[in-house]
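Which chain is which? The protein sequence lines are A, B and C, in order.
Here my numbering is used: the first sequence runs in plain steps of one and ends on residue 584.
Here my numbering is used: the second sequence runs in plain steps of one and ends on residue 385.
Here my numbering is used: the third sequence runs in plain steps of one and ends on residue 1308.
Calculated directly from the structure, the hints in this document are not laboratory data.
Any given hint might turn out to be false.
[What the hints assert, rightly or not] Subject to a maximum C-alpha distance of 30 Å in a straight line, what follows is the list of computed BS3-like cross-link-like pairs (lysine-lysine):
| id | chain 1 | residue 1 | chain 2 | residue 2 |
| --- | --- | --- | --- | --- |
| 1 | A | K344 | C | K1081 |
| 2 | C | K1266 | A | K476 |
| 3 | C | K1081 | A | K334 |
| 4 | C | K1081 | A | K264 |
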Amino acid sequence: MSLKPSRRAVLLALASLALVAGTTLTADAQKKGGILRVGNLGEPPALDAHWTTASITEMLTNHIYEGLYSLDGNNRPIPMLAESHTVSKDGLVYTFKLRQGVKFHNGKEMTSDDVVASLARWGKQSVYGKTLFSQVAEWKALDKYTVEMKLKEKSAIVLISLAVPNNFGAIYPKEIAEKFAPEVKTTEWVGTGPFKLAEWKPDQYIRMVRFDEYKPRNEKPNGYGGGKTAYLDEVRFQPVPEVATRVAQVETGELDFADDLNLDAYDRLKKNPNLRPIVSKPYYWLVAVLNKKEGLMTNQKLRQAWQAAIDIEPIMKNVAGGHTEFYRMDSSLIPPEIPAWHTKLAGLPWNERSKEKVKRLLAEAGYKKEPIRFMTTQEYKWMYDFALLTKQQLEDVGFAIDLQVVDWATLVKRRNNSKEYDAFTTGIGAFYDPTHANFLTASWPGWTTDEDILKLQAEMARETDLKKRQALWEQQTRQFYEKVPVIRYGDLFGLRAIRNTTKGFNDKTERVRFYNVWVEK
Amino acid sequence: MTVYLVRRLLALVPVLAVVVTVVFLLIHLIPGDPVGVMLGPDATPAQIESTRRALGLDRPLYEQLLKFYVRVLQGDLGQSYFLDRPVVTALVERAEPTLVLTFSALLVAVLIGVPSGIIAAAYPGSFWDRALMLGALLGVCVPGFWLSLNFIYLFAVRLGWLPAAGYASIFADPLAALRYMVLPAVSLGFNQSALIARISRSCMLEALQQDYIRTARAKGLSQGVVTWVHAFRNALVPVVTVIGITMAILIGGAVVTEIVFNIPGLGRLIISAVLRRDYPVVQGVILVTATAYVLINLAVDALYVVIDPRIRYE
Amino acid sequence: MSEIRRFARNRNIAVGAGVLALVVLAALLAGVVSTHDPRRLNPAERLKAPSARNLLGTDEFGRDVYSLVLHGAQVSLLVGVTTMVLTSLGGIVIGLIAGYYRRVDLVLMRVMDGLMAFPAILLAIALMAARGPGIGNVVFALSVVYTPRTAMLIRSTVLSLRELDYVQAARALGRRDLVIAFRHILPNCVGPLLVQSSFVFAYAILAEAILGFLGVGVPPYVPSWGNVIASGKNVIREAFWVSLFPGLALTLSGLALNLLGDGLRDVLDPRLRVQ
Chain A
64 MSLKPSRRAV LLALASLALV AGTTLTADAQ KKGGILRVGN LGEPPALDAH
114 WTTASITEML TNHIYEGLYS LDGNNRPIPM LAESHTVSKD GLVYTFKLRQ
164 GVKFHNGKEM TSDDVVASLA RWGKQSVYGK TLFSQVAEWK ALDKYTVEMK
214 LKEKSAIVLI SLAVPNNFGA IYPKEIAEKF APEVKTTEWV GTGPFKLAEW
264 KPDQYIRMVR FDEYKPRNEK PNGYGGGKTA YLDEVRFQPV PEVATRVAQV
314 ETGELDFADD LNLDAYDRLK KNPNLRPIVS KPYYWLVAVL NKKEGLMTNQ
364 KLRQAWQAAI DIEPIMKNVA GGHTEFYRMD SSLIPPEIPA WHTKLAGLPW
414 NERSKEKVKR LLAEAGYKKE PIRFMTTQEY KWMYDFALLT KQQLEDVGFA
464 IDLQVVDWAT LVKRRNNSKE YDAFTTGIGA FYDPTHANFL TASWPGWTTD
514 EDILKLQAEM ARETDLKKRQ ALWEQQTRQF YEKVPVIRYG DLFGLRAIRN
564 TTKGFNDKTE RVRFYNVWVE K
Chain B
72 MTVYLVRRLL ALVPVLAVVV TVVFLLIHLI PGDPVGVMLG PDATPAQIES
122 TRRALGLDRP LYEQLLKFYV RVLQGDLGQS YFLDRPVVTA LVERAEPTLV
172 LTFSALLVAV LIGVPSGIIA AAYPGSFWDR ALMLGALLGV CVPGFWLSLN
222 FIYLFAVRLG WLPAAGYASI FADPLAALRY MVLPAVSLGF NQSALIARIS
272 RSCMLEALQQ DYIRTARAKG LSQGVVTWVH AFRNALVPVV TVIGITMAIL
322 IGGAVVTEIV FNIPGLGRLI ISAVLRRDYP VVQGVILVTA TAYVLINLAV
372 DALYVVIDPR IRYE
Chain C
1034 MSEIRRFARN RNIAVGAGVL ALVVLAALLA GVVSTHDPRR LNPAERLKAP
1084 SARNLLGTDE FGRDVYSLVL HGAQVSLLVG VTTMVLTSLG GIVIGLIAGY
1134 YRRVDLVLMR VMDGLMAFPA ILLAIALMAA RGPGIGNVVF ALSVVYTPRT
1184 AMLIRSTVLS LRELDYVQAA RALGRRDLVI AFRHILPNCV GPLLVQSSFV
1234 FAYAILAEAI LGFLGVGVPP YVPSWGNVIA SGKNVIREAF WVSLFPGLAL
1284 TLSGLALNLL GDGLRDVLDP RLRVQ
C-alpha cells in the first residue's frame, strides 16, 4: 500500500516531531533517576553531625541535614534554612528569620523550637559550636519562625560558625535533639536535606534516597548553598578501605565515584576514556603537631630547630607521587581557595633548610639526642610518607626520632594523653575563619597555650571589621612561625575519580556533594 | 556408630570450653585498661568507672569467666562498641560472604586437587605425574595473598576479564556473584588444591597396590573401572580427612583474601574490629570460627564411618 | 657417616637444604652483599624499574628492593627459627608430660584440642591486637598457635614408645621417669620432630609475611618480606617488581623447607612416605 505524497509528508512530519519530542523528553527524563555508587575510605564513626569532625561524617551528613547557613562559591556564609537575619546596632543581638514550610524527612515542619534545641546541642558538643556559644548569653525562640541570639560581646564569627560544613549546626527535630545528650551519638537520623537516610548497614553500605518533599531554595546552586536538587533516586556509599581496590572499582565501573585515591594512579586515570580524575583542592596541609604540655617539645628552640631543618619540597613531591600538580608550596595558614584569609608574607622562617641554624638551635636547646616519639599511621598513607621522610631528614642533622606506627584509632586516643608522645602527624583541612584554627587552641591535642597567640585569637573573635581582622591574622601568622606550635609542611591535594556518565558534579567545592548530580547512561 | 557419635559430641564439650576460655582471656591479655581503650579519648573517669561496673570488669576473674560462659551459652556474644548492634547480628550479617568464599575455595581445591592426584597415581612416573606433582609442590609454597595480587593484576587490570574486587550475593545476582567469586576462590583454593592433589595421589597409589585390586585386574576388569571404582573408595578416607583440615586453613586464609578483594565477610570484620579495638566483635569472630572448625571435624569423622565400614572406633 | 650419606642421597633433602642454605647465607651476609642501605629513603629514585644501579628496582620511597629482600630474609629467618625452637621446646615439654601422666594428659589434650581449633592466622591477629606490633609479639603469637601441633606429635610418639619392652624394663629397674624420657624416648622423637620443625618453620615464615601484609606484623619500616609486598600492593601496576621479588623469595623459602621436610620424612620414617 502506498500513501499519497501529502499523507506521507504529514506522517513524516508527525514522525519526526514525535522523534524530537521523544528525545527531548527522554533527555529530561534521563536526568531524574538512577543509583550512584560511591566508594569511601571507611565507615563513619557516626551520622550525627554535631558529634564528630570526621570528614566521612561531614560528607554524609551534608546530604541529609542542613544548617541555618551555608558557604557560597567563595566560602562566605549565605542563608540556607534561615531566610534572613538582622543585627542590633550594638552588634550584640542577632535575630534570624527562618524559612517557612520546610519539612523534615518524617513529615514534620521545621520551626524555631527545632532550631533552638538543635543548635543548643551543637553548642555543647561541636568544636565550632562550643567556640561560638562561649560568646552567647542567651539563645531562644521568639515566635514560630524567629530565633534570637544574645551575645556577651561583639563577635565576628556568628554567621561563619553557622555556615561551616564540618561538625556543623545541623537542624534536627526537637525530639531527637533533646533525646540524645550532646556526648551521645544520635541513632535516629532525620533532617531537612534533599536526601534522606534509607538504610545503614555498617561496613557494607549506606543508602540515601531522594526526599520528595524537599523544597529547594530559589537561587542557582552556589558553592555548597543555593538551590539543591536531588536528581538521583539513590546514592549508595560503600566503604572500600583498600585504596587499590577503590581505584580498580572506579576503573571497571563498579563505582561511579571514589575519593582519597593514591596519587600514583593519576597517570593511569587520565588515560581512561570512561572517567576523569579530579584534583581536589585544598585537601590538607601536612602538619606535625608538637606536644607543648610536657616532654621534649616544650622547648621552643627544639621546635624551631625542627622547623629549620626540614626540606619540604622533596617531601611533598614524594607524598604527591612525583606529580607536581598535587602539591603546592605555601606558607599561608589558610589556603588561597579561601581568598579572604590567604596571606602572602615574606621572610617567614618556613622551609629555611638551614643546617647552620639547626646546629645553633639544637645547641641552644641543650638537646642531647634524646629520642623524640613521633606517632603516625599507615591508614592515611600520606601521613606515614611524610613522617618517614621527616625522620630521615631530621636524623641526618642530629635528631633522634623514635617513629611509632599505630592504627588511626590508637593515634586519636593517644594524642589526647600528653605522656604518650612528643609529636604526631595529621593534616589541617580548610577552615573558613581564623578563629577556627584548632592548632591555635589550648584544648586541641598539642595544647597551644602561648599567651600571645591566644590573645590574638580572642581579639579576632571580637573584632568585626574585616580589614582589621586581616591585619591581626597576618600578625598571628608571623607569630606562628616564631613560636612554632606545630610544624607546617606544604599543601597536598587529593585525587578523586568520577565516571563520565555522572554529570553535574561540582569539581570546585572541596567537599563532596551529590545533589545537583545526575547520571546519563 | 551412634554411640561413637554421641561420645564424640560429649568430647566436644571440654574442647569448646577451652575455646571459650581462651577467647575470654584474649581480652584480658591487653596491657593497660581495656575499658579506656574501648570508650575512646574523650571518656571521663566517671564514664570509665560506670562502664567497668556495667561490664562486670571489676569482679574477680573467675566470676567474670563464669558469667561469660553463661552469656555464651545463651547465645549472647555482647554488644559491638563500634557498630552499635549485638555482636551476633554483626556476625550473621557477615557470614554469607565468608561461607560462600570458603565453600567456593573448597570446591576449587577439590575439583582441581582430587582429579590431579588420581591421574598422577594412575600413571605413576609418567610425564603427567611429574608435571602435576611439581605443580602441586609449587602450589603448596606460593603465598596465597601474593597470588591474589598477581591474579588481580593479570586478569582484572591487564586483561579485564574479571572484576578486581567486590562481592555480589548469589541470591541477588547469581551471574555477577560468580564473576566476583572466581579470582578470590581460585587464589584461596589454590594452595589447598596442591595439598589435596599430593595426598590424593599417595592414597590412590597405596590403594592401587592392595591385593584385591590385583585380583580385580587379574580377573580382567579394564584399567579404568579398576582405578575409579575400587581404589577411589578406599582413597576417599584420608582425602576426606584432608578436606576437613582444609576447611580450617581456608577459614583462616579467607581473612587475607577478603581484604584484598574487598569482600564484606567475617575476615574483613575481624581486621577492622582489631583496628578499631572492638573487642567483643574480635571475640565473637574467633569463637564462631573455632566452633565451626570443631564441628566440621566432627562431621568429617562421622563421614569416615559412613564411607569405610571397615573402620570401627573403639 | 653412613647416616649422613643417607640424608644427602635423598634428592629432596639435598635440594631443600641447598636452597635453604642459600637463603640463610643471603640473610647472614645481607649487610655485605646488599648494594644499598635498605632503610635509606631516596625520594628522587622512587619506583624505578630494575637496572644496573638497583638490581631489583626501587619502591615508592626509592629504597632498593634487592637490599630490602636480602634484609627481609633476616626477619623471616629469625621469626622462623625462633618459632621453631620455641614450639619444639614447648611441644616436647607438654608432649612428654601428656604422654607420661595419664591424668594430666586428659586435661592437657582438651586444652591442645581447643587451641588447635583456632585458625592460626586469626589467633595470631587477635594476639597481635592485644600485644601490639613488634618481632617479639609475632614470635609469641605464632608459637602459641603452633606448639599444640608439636605437642600432639611428641605425645603420640611417647605413647607408642611407652609400652615397648625396654622402656618397661627400665621402669621396672627403678629408673626415674625423666631419665627414661631423655635417654630412651626423646631420641626417637627427633625424627618426627625434625620433620615437623621444617613445616613449622615454613608456616612461620609465611604467617609472618601475612601478618606484615595485613599491617599487624613488625613495624612497617623494618625490612620484611610481608612489609615489602604490602607496600608494593598499591603500586602493583606502576611497579610490579616491588611485590614480585619478595613474593618469589617467600615461595623459594617455602619450597626449600617443604622439600626438606618431605625428604626428612622419606628418610626418617618411610611409613609416612608421600610417594
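Comparing the hints with the structure gives:
1. A:K344 x C:K1081: holds, 29 Å
2. C:K1266 x A:K476: Holds. K1266 of chain C to K476 of chain A sits at ~28 Å (cutoff 30 Å).
3. C:K1081 x A:K334: Holds, because 21 Å separates the two Cα atoms, which is no more than 30 Å.
4. C:K1081 x A:K264: violated, 42 Å
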